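Keeping their order, the protein sequence lines are chains A and B. The C-terminal residue of the first sequence carries number 1311 in the working numbering, and the numbering is unbroken. The C-terminal residue of the second sequence carries number 560 in the working numbering, and the numbering is unbroken.
Don't read these hints as lab results, they were simulated from the structure. Here the structure is a predicted model, which means the values were calculated and not measured. Accuracy of the hints is not assured; some may be wrong.
Cβ-Cβ distance ranges computed for the label pairs, FRET-style [unchecked claim]:
hint	chain 1	residue 1	chain 2	residue 2	range
1	B	A214	A	R1219	22 to 30 Å
2	B	G543	A	R1123	58 to 66 Å
3	A	K1232	B	G340	51 to 59 Å
4	A	R1224	B	P309	45 to 53 Å
Just so you know, even glycine gets a beta-carbon here, dropped at the ideal spot from N, CA and C.
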Amino acid sequence: MLVLAFAASGPLLIVLAYSFLRAGEYGGVVWTFSTDAWFNVVFHRDIFDETVTLAGAHMIILWRSVKLSFFTMLTTLVIGFPTAYFISTRPRKTRSLWLFLMTVPFWTNLLIRTFAILEVIRNEGLINTALLLFGIINEPIQMLYTDFAIMVGMTYVFLPLMVLPLYASMERLDFNLVEAAYDLYATRYQVLRRVIIPMAKPGIIAGSILVFIPSLGAFVTPRVLGGGKKMMLGNLIELQFGAGRNWPLGAALSITLLALVMIALLIYVRTTQHHSENSR
Amino acid sequence: MEAAIDVERITKTFGAGKDKVVALNDVTVAIEENEFFTLLGPSGCGKTTLLRLIAGFDHPSSGVIMLKGRDISQLPPYQRSVNTVFQSYALFPHMTVAQNISFGLEMLGKPKRYIKETVSKMLALVKMEALSNRCIDQLSGGQQQRVALARALAPQPQVLLLDEPLAALDYKLRKEMQFELKHLQHETGITFIFVTHDQEEALTMSDRIAVMEAGRILQIGTPRQIYNHPAERFVADFIGSTNFLSVELLPAKGPDARLRLSSGMEVRVKLPDGMVPSGRVTAVVRPEYSQLLADPGRKGDLQGVLENIVYFGTDTHYHIRLPDDTTFVTRSQNQLEETEAFRVGQPVSITFKPNSVQVLRN
């Protein structure tokens, strides 16, 4: 138990400690207390005239991370919901086949999956070649190295994480309820809104968290599909421990990411508590 | 007057090729307005399939279903003025009792005040006023059943379908609910179509019964008609208990047929519709319509040896072995004074009124 506690919190405490130290000249840390790292997360002191402004670059990256993670969560929800519903309405025999098809990409290495998306959306890739071939466009559409590309990549990568909890929720759905709703004059849309979605709510929430949190910290996908120009929080942190040579800043940024994840989890816990209290 | 529900030549098949199942085979029945109509039969006879076709959860493979003269065969459930009480109740677990009951009315876009009034009325009708805001998972089986009823009645459908709604209740509760359902049907005047495999339930509750087996309707009639005049072997056997006699059909003299029992007794009977009279047929006599006599009785009475006496509290059953080695059972209601007139092993004769003899088609 002690070993577990130490193993879990040990690295975290080290990172926390690092964030309050001074950066070494060639990387590493100098064991002197300093709040510079935390200051630099949010602010930027001009090296010439000492004016303090908001660290614009950091803010953009932070905002991009939250924004893209949020939209990835929404897209996986929009794509995942009908997918999970489809799978849960298949006959028992073929259902495992569909689940298998859904999760097989998940077993493939993340890097390879991300390069697959690259291949599809780049200027000489699958989509553009097809569109050019059919004369729908005259010049390739620039999709790669944009925020859009990162979102497509993350959606593809994290889709199974949304579909599986949704499926688990829907599988428990008593389809008699759907029939009962139709019997009581609900149209297809009303059945979806008043019966299916409320009952799939636990799955929706679980899936959303499972997609949002890893998305926040993603760095392979933004690196490959963003081309280094569109950084996310993960990339920024990696940079500090590499060429950026500012470990304390990297540590501080890591703790910030952790804080964001904590907030997301808090919201999750609150909504599920609220939900289960509602149904009492 | 138009029938409430007209089922005309409905056939329903599932699957194809060698996996093909014929759930309903050319079924025709007309169910009247303000009627408590029961579909009675064993599991797999097609009664639930027929109910689902009337409700709209499935479409017939061929044939037509009409609601008050209007063809509803291909309409989805939300376009039919028909509501269902499911066997599993299918109450919405994420809603309260009141919300469940108001669901249908909300879907129909009724004004809020009307919904509130109707929900109150329904709650009073099923005696659940105090539990209006309760969550579904806190209700007992009996309470859930009442909510399911109220929910289906709230939109005032023209026909109410009930799919074995009492199956999950314990005996006492089931008996109570049988009375209440009958009472409800009278009070609301809505046509009830009730599905069950319990013949006692069907007999006590129905205005008319359709006995089904293997996708066909074998006989339709009032409980009394079905009980006293079964036309098919399955009906005679499924409802109550009866004695099967192999009899000889004599050439007819006049409008009725005549048959001769193995003992020589000749009885005049009415043949069931659509029966072609020939040779040996089967006739049935209910145990309670026959009586045991210690003496040889009249000429032509069935004779046999008393094999067994079974005491049931309310009745006593006598098992008699006939000369052709079959068993005949008579039943007599017990009197307070214990006078057992018979001994096992005693030769006895059986007597019954001629009009208690019923000829079967098969």
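Verification of the supplied hints:
1. For the pair A214(B) and R1219(A), the beta carbons lie near 27 Å from each other, so the given range of 22 to 30 Å is met.
2. Look at G543(B) against R1123(A): about 59 Å separates their beta carbons, and that is inside 58 to 66 Å.
3. In this structure the supplied range 51 to 59 Å is violated for K1232(A) paired with G340(B), their Cβ-Cβ distance being about 29 Å.
4. In this structure the supplied range 45 to 53 Å is violated for R1224(A) paired with P309(B), their Cβ-Cβ distance being about 21 Å.
Of the hints listed earlier, those the structure fails to meet are numbers 3, 4, in rising order.
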